[in-house]
Amino acid sequence: MTVLDHSSGDATVFDVYAVGCPSRQVLSLVTSRWAVLVVGALEHGPLRFGALRRRLEGISQKVLTDKLRDLEAAGLITRTTVDRPLAVSYELTAVGHSLTEPLAALRDWAQDHCGRREHGGRDSAEP
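Numbering (our numbering), first residue to last: 107 to 233.
Bear in mind the hints are in silico, worked out from the structure with no lab data behind them. Quick caveat: nothing in here was measured; it's all calculated off a predicted structure. One or more hints might be untrue.
[Said to hold, decoys possible] DEER-style ranges, computed between Cβ atoms: (1) THR184 x PRO208: 30 to 40 Å; (2) THR186 x SER134: 18 to 28 Å; (3) GLU163 x THR206: 29 to 39 Å; (4) GLY126 x HIS219: 17 to 27 Å; (5) LEU192 x ALA117: 42 to 52 Å; (6) ASP121 x ASP189: 12 to 22 Å; (7) VAL125 x GLY156: 35 to 45 Å.
Ideal placement from N, C-alpha and C gives every residue a C-beta, glycine not left out.
All chains, full assembly: derive it from the sequences and hints.
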């Protein structure tokens, strides 16, 4: 993948298969189970922390807090604090929204294939 460096006009080439490539960190973050689900939960608009936690069954408060911090640091979500009543909400940034379509495809694929295992060219869901 080639990305244009606008400051110098030079093209920078990223190779996710190279051990030192920064794209590996991005790939690791956005393909983690909880990141996929957080992005999906925020796809249709901002949610408060409690609503996110209820939506993401099985996530602990600590894991959700850590994942939200990671996604915010990566520029995928924004955190907004409202004083009255005291509340924090999370929302996808433009970059975060650009992930919704590919991650939805991944979620759909997982749901469509969750019961299948390939063995010797045959689908185990079939007799």
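Outcome of the hint check:
no.	hint	in the structure
1	THR184 x PRO208: 30 to 40 Å	violated (20 Å)
2	THR186 x SER134: 18 to 28 Å	holds (26 Å)
3	GLU163 x THR206: 29 to 39 Å	violated (20 Å)
4	GLY126 x HIS219: 17 to 27 Å	violated (33 Å)
5	LEU192 x ALA117: 42 to 52 Å	holds (47 Å)
6	ASP121 x ASP189: 12 to 22 Å	violated (46 Å)
7	VAL125 x GLY156: 35 to 45 Å	holds (40 Å)
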